[in-house]
Structure formats: C-alpha cells, structure tokens
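Just need the whole structure built from these sequences, with the hints factored in.
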Amino acid sequence: MSLLDVRDLTVAYGRQVAVKGVSFTVEQGEVVAVVGESGSGKTTTANAVIGLHPASSGEVLLNGVDIAGWSQRRLRSIRGHRIGLVPQDPSNSLNPVMKIGRQIGEILKIHKYGDRAGIRRRVIELLTRVGLDDPERRAGQYPHELSGGMRQRVLIAIAIALRPGLIIADEPTSALDVTVQRRILDLVDDLREEYGTAVLLVTHDLGVAAARADRLVVMKDGLIEESGGVREVLAAPASPYTRRLFQDAPALTARPFKSSDAAGEPAIVVRDLVKEFGSFRAVDGVSFEVRRGTTHALVGESGSGKTTTARIVTRFTEATSGEVVIGDDPVRPRDFRRRVQLVYQNPYGSLDPRQTVGAIIEEPLRNFRLGDRAARRARVRELLERVALPETLLGRRPAELSGGQRQRVAIARALAVEPEVVVLDEAVSALDVTVQAQILTLLEELQRDLGLTYLFISHDLAVVRQISHTVSVMNKGRIVESGTTQQIFDNPREDYTRELLAAVAEPVR
Amino acid sequence: MTKYLVKRAGQALLVLWAAFTAAYILLQAMPGDSILIKFQNPELGLSPEQIAKIREYYDAGGYLHTVLGFLHGDFGYSIDTGTPVVERLAEGLPETARLAACAFVLAVLLAVLIAFGSAYSGRLRGLLLAVPSLFVSVPVFWLGILLIQIFSFRLRLVPVIGGTELQQLVLPVLTLAVPISAPIAQVLARGIDQVLTQPFVPVVAAKGASRSWILWRHVARNALPPTLTVAGLVFGELIAGSVVTETVFGRNGIGRLTEQAVNAQDTPVLLAVVVVAATVFVLVNLLVDVLFPVLDPRLAT
Numbered sequence: 001m002s003l004l005d006v007r008d009l010t011v012a013y014g015r016q017v018a019v020k021g022v023s024f025t026v027e028q029g030e031v032v033a034v035v036g037e038s039g040s041g042k043t044t045t046a047n048a049v050i051g052l053h054p055a056s057s058g059e060v061l062l063n064g065v066d067i068a069g070w071s072q073r074r075l076r077s078i079r080g081h082r083i084g085l086v087p088q089d090p091s092n093s094l095n096p097v098m099k100i101g102r103q104i105g106e107i108l109k110i111h112k113y114g115d116r117a118g119i120r121r122r123v124i125e126l127l128t129r130v131g132l133d134d135p136e137r138r139a140g141q142y143p144h145e146l147s148g149g150m151r152q153r154v155l156i157a158i159a160i161a162l163r164p165g166l167i168i169a170d171e172p173t174s175a176l177d178v179t180v181q182r183r184i185l186d187l188v189d190d191l192r193e194e195y196g197t198a199v200l201l202v203t204h205d206l207g208v209a210a211a212r213a214d215r216l217v218v219m220k221d222g223l224i225e226e227s228g229g230v231r232e233v234l235a236a237p238a239s240p241y242t243r244r245l246f247q248d249a250p251a252l253t254a255r256p257f258k259s260s261d262a263a264g265e266p267a268i269v270v271r272d273l274v275k276e277f278g279s280f281r282a283v284d285g286v287s288f289e290v291r292r293g294t295t296h297a298l299v300g301e302s303g304s305g306k307t308t309t310a311r312i313v314t315r316f317t318e319a320t321s322g323e324v325v326i327g328d329d330p331v332r333p334r335d336f337r338r339r340v341q342l343v344y345q346n347p348y349g350s351l352d353p354r355q356t357v358g359a360i361i362e363e364p365l366r367n368f369r370l371g372d373r374a375a376r377r378a379r380v381r382e383l384l385e386r387v388a389l390p391e392t393l394l395g396r397r398p399a400e401l402s403g404g405q406r407q408r409v410a411i412a413r414a415l416a417v418e419p420e421v422v423v424l425d426e427a428v429s430a431l432d433v434t435v436q437a438q439i440l441t442l443l444e445e446l447q448r449d450l451g452l453t454y455l456f457i458s459h460d461l462a463v464v465r466q467i468s469h470t471v472s473v474m475n476k477g478r479i480v481e482s483g484t485t486q487q488i489f490d491n492p493r494e495d496y497t498r499e500l501l502a503a504v505a506e507p508v509r
Numbered sequence: 001m002t003k004y005l006v007k008r009a010g011q012a013l014l015v016l017w018a019a020f021t022a023a024y025i026l027l028q029a030m031p032g033d034s035i036l037i038k039f040q041n042p043e044l045g046l047s048p049e050q051i052a053k054i055r056e057y058y059d060a061g062g063y064l065h066t067v068l069g070f071l072h073g074d075f076g077y078s079i080d081t082g083t084p085v086v087e088r089l090a091e092g093l094p095e096t097a098r099l100a101a102c103a104f105v106l107a108v109l110l111a112v113l114i115a116f117g118s119a120y121s122g123r124l125r126g127l128l129l130a131v132p133s134l135f136v137s138v139p140v141f142w143l144g145i146l147l148i149q150i151f152s153f154r155l156r157l158v159p160v161i162g163g164t165e166l167q168q169l170v171l172p173v174l175t176l177a178v179p180i181s182a183p184i185a186q187v188l189a190r191g192i193d194q195v196l197t198q199p200f201v202p203v204v205a206a207k208g209a210s211r212s213w214i215l216w217r218h219v220a221r222n223a224l225p226p227t228l229t230v231a232g233l234v235f236g237e238l239i240a241g242s243v244v245t246e247t248v249f250g251r252n253g254i255g256r257l258t259e260q261a262v263n264a265q266d267t268p269v270l271l272a273v274v275v276v277a278a279t280v281f282v283l284v285n286l287l288v289d290v291l292f293p294v295l296d297p298r299l300a301t
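Here the protein sequences line up with chains Y and V, keeping their order. Using the working numbering, you'd call the opening residue of the first sequence number 1 and step up by one each time. Using the working numbering, you'd call the opening residue of the second sequence number 1 and step up by one each time.
Hints were generated in silico from the structure; no laboratory data involved. C-beta atoms are modelled at their ideal positions from N, C-alpha and C, and glycine is treated no differently. Take the hints with a grain of salt, since some may be wrong.
[To be verified] Derived DSBU-like pairs: lysine-lysine, alpha-carbon spacing no greater than 30 Å straight-line:
id, chain 1, residue 1, chain 2, residue 2
1, Y, LYS476, Y, LYS258
2, Y, LYS99, Y, LYS109
3, Y, LYS20, Y, LYS258
4, Y, LYS99, Y, LYS112
5, Y, LYS99, V, LYS3
6, V, LYS7, Y, LYS99
[As the list claims (entries may be wrong)] Per label pair, the in silico range of CB-to-CB distance:
id, chain 1, residue 1, chain 2, residue 2, range
7, V, VAL15, Y, ASP189, 40 to 48 Å
8, V, ARG221, Y, ARG244, 43 to 51 Å
9, V, VAL105, Y, ARG121, 54 to 62 Å
[As the list claims (entries may be wrong)] Here are a few chain Y residues that sit away from chain V, every Cβ distance over 12 Å (derived from the structure):
id, residue
10, ARG73
11, TYR195
12, GLN345
13, LEU440
14, GLU445
15, GLY483
Shown next as structure tokens:
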C-alpha cells in the first residue's frame with residue numbers, strides 16, 4: 001500500500017477545470033516532484049491532497065483511506081498531523097504579528113501535543129533541529145526580524161513538528177537565493193532520512209526537481225504528461241512536451257559558451273561606483289566595462305547591490321561617487337533615455353493596466369516627438385512584428401495578455417527609441433521555462449540584428465550562462481570576480497563564486 | 001519609540017491650538033450679537049451705555065486673554081445664564097460621557113457581530129454586508145423618533161418620561177450607536193476579507209486549525225489597525241450625534257448645552273464646547289496611534 005495514492009483526481013474552480021483526472025502515488029520516504037509551468041495544475045493538485053481545495057471527483061488515499069470526501073472538520077485531524085505543508089513564499093507565510101515560537105507551538109496546541117512547558121520545550125528542540133542559532137531568542141522574535149531563509153526554516157519546523165508521514169512542499173525555495181536554496185533543500189533531505197518522511201515537491205524548477213527527486217510527475221494543462229523515475233525520464237523523455245521542457249530549461253541543457261573575443265569599443269564603462277544609503281554601502285567600488293554588442297551579466301544574491309548598480313547605470317538613482325559612461329560622449333540628460341532603456345522583472349507591474357498595447361509602445365515615441373501620427377503607427381507595427389506579437393494585440397490591455405506577451409510588449413517599448421544599451425533587470429525571472437527560452441532567443445536575435453548592448457541583472461546562473469558573454473559576480477556591494485562566462489563557470493577563482501555555482505544543477509556546472 | 005511619542009504629542013497640541021483659534025475667529029466673525037439678543041429687551045430697560053459696559057465685561061482681554069484663561073481652566077462666563085462656563089460643562093459632561101461611552105461600546109459590538117458574522121456564513125454574508133450601508137444612511141433624528149414611536153408608544157417597553165436610568169439610556173444609546181457602527185463594520189469586514197487572502201492563512205489551515213481559530217487568533221489582530229483608525233475618527237461623530245440625540249430624547253448633556261448655546265449665540269460656551277470636543281478627539285486619536293506599534297510589531301522599529 002502506498003503512503004499516498006491519488007486516483008483520477010479532478011479539481012475545478014467554478015466552471016474551469018484545473019486538474020483533469022490525475023493519478024500518481026507517493027511511497028514511504030520518497031521524494032516525488034510534480035513539475036510543470038504556471039497553470040499546469042500542480043499547486044491545485046497539492047492543495048487538493050490536503051483538502052485546502054475540494055476535489056470534484058476522484059480519490060485521495062492516505063495509507064489506504066480515501067480522504068477526498070472528508071469534511072473540513074475531519075480533515076483538520078490530518079492536517080499538520082499526518083500531512084505537513086511547506087509553502088511557497090516564506091515572506092508572507094507567517095503571521096506578521098505573532099511571535100515565531102507561538103506559531104510553531106500552535107500546531108502542537110491544535111493537536112493537543114502536551115502542556116505548555118512541553119510545547120515550549122518541543123518548540124526550542126524544533127528550532128534547533130532546523131538549524132536556527134540561539135533558538136530561545138528566535139522563539140521570541142517576529143517574522144520580520146528573520147531573513148527569508150530563516151523564515152523558511154521556521155516553516156519547515158512547523159511542517160515536521162508532529163512528524164507527519166508526508167510533507168507537501170510547494171515551491172519551497174523559489175523565493176530564496178541560490179545558496180540559501182541549497183541549504184534548505186539539504187535540510188529537507190536530512191529530515192527525510194531521519195524521520196522517513198515522504199515529500200511531494202511541487203516546483204517549476206526542473207534543476208531542483210532533477211537534483212532532489214526520486215520520481216518525476218510532469219503536468220501540463222491539468223493532465224499528467226509523463227511520470228517515472230527521475231533518471232529514466234531525464235534520459236529519455238517519452239512525451240514531446242517533456243522533451244521541449246527539458247530543452248528549454250537552462251538548468252538542464254549545457255549550451256556552448258558565447259565567445260567574447262570581439263575586441264570592440266566599450267558601450268558601458270563603470271568606474272568606482274559607490275552608493276551609500278545612510279551609513280550603509282549598497283554599492284562599494286564597482287567597476288566594469290561592456291563591449292558594444294555583447295551581454296554583461298551582473299549576478300548575485302538579494303542584497304548584493306546588483307539592482308542598485310543597474311538603477312545607477314539607468315540614472316534612476318544617483319551614485320554617491322564614481323562615474324558611468326555610456327558610449328563615447330557624455331550625453332545630455334534628456335537624450336540619455338533614448339540611448340539607455342530598462343526592461344523590468346515584473347511584466348505585470350511595469351505596464352500601465354489602463355493603456356492599450358499600441359499606446360504603451362507608442363508612448364516613448366510621443367515623449368521624444370519622433371515622427372507624426374502615421375509614422376509612429378507604422379513604427380509600432382514594426383516593433384510588434386520585431387518582438388513576434390500579432391497585430392491583433394494592438395487594442396488589447398495588459399490584463400488580457402500572458403506573462404510572456406507582456407514581457408514582449410515591455411521589450412518592444414524599450415526598443416521604440418532605438419537605444420544602444422538595454423538594461424534587463426531580472427527580465428526573464430518571472431517567466432515559465434518555455435516562455436523564458438523564447439524571450440531569451442528573442443533577446444539574442446535582437447542583439448544580433450540591432451547591435452544592442454545588454455546589461456543583464458540576474459540571480460539565475462543557468463540563464464546567465466546561456467545569454468551572457470561576460471559576467472561579474474557581486475556580493476555585499478562588491479564585485480568579487482569577473483571574466484568571460486566560460487572562465488567564471490569553468491574556472492571560478494573565488495570561494496563565493498564556487499558556492500553560487502554549486503547551487504546550480506549538474507549538467508550546467 | 002519615545003521620539004515617535006513626543007512627535008505625536010506635539011502634533012496633538014498643535015491641532016488643539018488650531019481648533020481653538022479657528023473656533024475663536026469663527027465665533028467672533030459670526031453675525032448677530034449675543035449681548036444684544038439678551039440685554040436689548042425693552043423690558044430690562046438698559047441704556048446703550050449700560051449695554052456697552054456689559055459688553056466690555058464679557059469681551060475683556062481678547063484672544064490672548066482667552067487662551068491664558070483656557071490654560072488655567074477658566075473658560076469665562078456664559079452670556080445666557082451668567083454662570084461660569086465650567087459649571088455648565090461640568091453639569092453636562094458626565095451625562096454625555098455615559099451616553100457616548102455606551103454608544104461606542106455598542107457600536108463596536110454591532111460592528112464585530114456584522115463583520116465576523118459575514119466572515120463565517122456563506123448564505124447570510126450578502127445580507128450582513130448590506131447592513132452597514134443601511135445603518136449609515138439612517139438620519140439620527142429620524143431614527144430617534146422612530147425608536148420612540150416603536151418602543152415607547154407602540155410596544156410600551158420603555159417609558160417616554162421617567163423610568164429607571166437604564167430605561168432612559170437604552171433608546172438614545174441605540175440611536176447614537178447605529179450610524180457609528182456602520183463605518184467600523186465596513187472597514188473591519190474589508191480588513192478581514194483582505195487578511196483572509198494572505199498566504200499565511202492557508203498555512204495556519206494546514207496546521208489543522210478551524211475557521212474560528214484562524215479568524216480569532218490570526219485574522220482579528222491583523223485586521224484591527226485600520227479598524228482602529230476609523231473607530232478613532234468616528235469618535236468625533238459621537239459628539240456631533242449627541243447634539244441631535246440629546247435634543248430628540250430631551251436629555252441633559254453637552255449636546256443639549258450646545259444646542260441652547262447656538263440658539264442664544266452664547267460664544268463663551270460654544271468655544272468651550274469646541275475645545276472640549278477637540279481635546280477628546282485628539283486624545284482618542286493619540287491613543288490609537290500609540291496602540292498601533294503595540295498591535296503591529298513591524299511598526300515598533
């Protein structure tokens with residue numbers, strides 16, 4: 001008998017069916033990864049297993065007992081006790097106005113674990129077990145006093161508090177820095193070995209799934225495309241969709257490095273950049289050069305100063321000292337925006353929801369008074385074609401577009417004034433792998449055709465490896481190492497770079 | 001934290017001073033003349049010289065003198081009755097305080113009942129959430145008269161005149177509480193809805209917590225701060241509402257005093273009422289601001 005046996009599970013949101021007859025099993029102590037892109041139904045499946053979303057039909061057998069039809073009241077005895085949950089976003093998954101200790105103790109209290117002193121002892125034990133220093137003090141702190149990684153440890157402590165047979169981990173590390181990500185996944189592995197807990201790992205990150213799971217379930221549009229042992233599926237994916245997914249995942253496919261021997265003139269020169277916020281140095285003496293027509297990546301974890309550097313280069317923030325030279329001559333402030341454009345991470349937030357796609361792309365042209373109405377119209381159509389969007393989208397608004405389409409619109413808007421330099425701040429981080437691959441291809445094409453220079457800000461080393469010619473690794477406001485992409489990946493000199501690389505999945509390393 | 005408190009207290013004093021000054025200027029600029037209204041009556045037979053003398057007696061000092069007087073607790077003399085304003089306030093204040101306090105507590109209870117009720121039930125939800133809109137659109141004077149009609153004349157549950165103190169209090173409190181509960185209920189219900197969409201709620205549910213556990217132990221405290229702000233703001237309406245309520249129910253109190261003072265253009269009394277009302281309002285909102293960091297530790301830093 002399997003620990004978890006899901007049979008023909010169907011889940012609907014109103015009339016929309018999100019999961020259409022899914023079957024899979026999880027055995028004692030194994031890790032099963034459910035992978036898929038957004039909208040594939042993987043999170044809905046996980047929620048349906050613990051009854052946070054009711055199943056429309058099908059069975060969820062936990063140790064042979066069907067819990068799919070159970071009432072909420074009955075399910076409460078299982079939640080936390082037999083099935084634990086590690087949620088996606090550690091920053092919002094703890095009650096902001098309740099102390100850490102109480103939030104861990106709560107699960108013990110709900111399931112009547114013991115008296116006050118017993119619960120308190122167990123809380124400290126758990127905090128120690130998940131690797132938090134000074135557990136007594138941590139128990140008395142509020143979530144906002146802890147880092148993202150520490151919060152995720154707290155959430156893991158909650159999930160394992162009653163030693164459930166199954167833990168559902170929904171994108172447990174997606175919001176974390178790569179090095180923290182690795183430590184958290186190591187912790188989950190340790191606990192699994194120690195307690196014999198099975199893990200249902202829901203993730204969009206194929207690298208994580210490949211490295212950590214025993215078996216793989218690939219979902220698409222609410223259906224299971226393929227499932228099987230990780231090695232078997234990776235080695236020989238049976239379904240064409242899985243094959244494409246693996247190909248598109250930068251973490252799974254090692255491509256040849258970009259050569260950067262082109263001895264062109266520099267398009268961006270950054271010298272001794274310093275930015276202080278009060279007494280805190282966010283950027284501390286950063287220098288680099290980017291040759292025209294190439295891509296330079298700034299990689300680092302959150303707080304490394306990469307985004308602040310990008311904001312200074314795009315003149316949205318003023319540097320405390322140091323200089324940035326774009327092209328060969330110092331440019332007038334107004335002309336600056338014609339030469340340097342920014343594409344932002346969040347394609348949902350960076351487009352005005354009230355404007356049509358046509359108006360969004362046209363706006364920079366109107367701001368710089370480029371051409372008359374007819375000429376601008378023609379240019380907008382040309383740009384739309386350039387980023388491979390159909391003309392029918394001209395009258396649509398951002399809410400009617402997919403994430404990938406929105407990012408294409410943002411790129412088209414950036415290209416409208418024919419800039420020399422485009423700064424891409426985590427521009428593909430929020431996209432699904434297949435969409436991400438398409439946008440990366442588009443960016444490469446545009447660079448080749450238009451001779452664009454990219455400054456590519458990212459935390460994702462696998463993507464950086466694929467797109468950039470040269471790389472600077474940032475940590476705590478400083479550049480720790482820089483060189484060609486090949487040098488950085490094949491011969492990292494610094495420990496920090498090695499640590500970052502260690503967190504990337506096997507094939508790319 | 002201390003810096004924050006000092007800053008907020010300073011702001012409160014500034015607001016008080018501004019309220020005082022604005023009221024002083026407006027009352028001075030008011031057309032009509034309280035002294036003429038009262039003393040020009042031919043039956044009194046006062047000569048213009050005598051009236052001028054009376055005027056001098058009441059007006060003595062001007063703005064600065066009045067400010068200093070207020071700082072010492074000397075609010076001047078009522079033109080209408082000739083008694084010290086402090087005495088007249090002292091008569092009305094306890095009555096109004098009792099009425100306002102009871103009404104406020106009832107309003108909060110009603111609001112909590114409506115907001116949490118709507119968070120529990122699927123079927124009653126729409127109905128419950130319509131209640132605040134109804135409440136807020138009911139005029140106080142009309143509600144008061146309606147309640148007297150129903151409970152006193154039709155059902156004869158509460159005597160119109162006489163009766164115990166409790167009986168006298170029930171209808172005015174209800175009249176005052178109903179419109180004030182509406183905005184509190186609306187903001188609280190919205191706050192609860194908003195907190196329920198936050199990612200930490202399913203995490204608590206995944207611990208095996210019941211709906212009540214989630215609502216009372218997690219959602220309530222998170223939904224409280226905006227509600228508290230609104231509760232502080234509607235406190236001002238309590239004072240305005242008491243004018244109408246006390247008049248309709250024939251109760252003594254600050255509201256009634258205000259009404260009489262307006263009719264007589266009794267400026268010293270009106271100025272004192274404004275200052276007392278402003279002080280209460282400012283203190284309540286200061287309390288709200290001090291409570292904020294206690295409720296949300298993120299604000300304490």
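Quiz prompt | Non-interface claim for Y:TYR195 versus chain V (Cβ beyond 12 Å) | solution = holds (18 Å)
Quiz item: When you look at the beta carbon of Y:LEU440, is every beta carbon of chain V farther off than 12 Å?
Solution: holds (30 Å)
Self-check item: Proposed proximity, Y:LYS258 with Y:LYS476 (alpha carbon, max 30 Å)
Solution: Distance ~28 Å between Y:LYS476 and Y:LYS258 Cα, so the pair holds.
Practice problem: Starting from the range 40 to 48 Å, see whether the pair V:VAL15 and Y:ASP189 falls in it by beta-carbon distance. | Solution: violated (59 Å)
Self-check item: Hinted pair Y:LYS20 and Y:LYS258, Cα distance within 30 Å
Solution: Distance of about 42 Å is beyond 30 Å: violated.
Exercise. Confirm or reject the claim that V:VAL105 and Y:ARG121 have a C-beta distance inside 54 to 62 Å.
Key: Between V:VAL105 and Y:ARG121, where Cβ atoms are some 41 Å apart, the hint is violated.
Quiz item: Is the straight-line distance between the alpha-carbon of V:LYS7 and that of Y:LYS99 30 Å or less?
Solution: holds (28 Å)
Practice problem: Quickly compare the C-alpha distance for Y:LYS99 and Y:LYS109 to 30 Å and report which way the hint goes. | Solution: holds (15 Å)
Quiz item: Regarding the assertion that Y:ARG73 does not contact chain V, is the least Cβ-Cβ distance greater than 12 Å?
Solution: Not fine: 8 Å to the nearest Cβ puts Y:ARG73 too close to chain V.
Practice problem: Please settle this one: Y:GLN345 was flagged as non-interface, so is its CB more than 12 Å from every CB on chain V? | Solution: Given that every Cβ of chain V is farther than 12 Å from that of Y:GLN345, nearest at about 20 Å, it holds.
Self-check item: Outcome of range test on Cβ distance (V:ARG221, Y:ARG244; 43 to 51 Å)
Solution: holds (48 Å)
Exercise. Measuring Cβ to Cβ, find out whether Y:GLU445 lies farther than 12 Å from everything in chain V.
Key: holds (38 Å)
Of the numbered hints given earlier, the model fails hints 3, 7, 9 and 10; all others are met.
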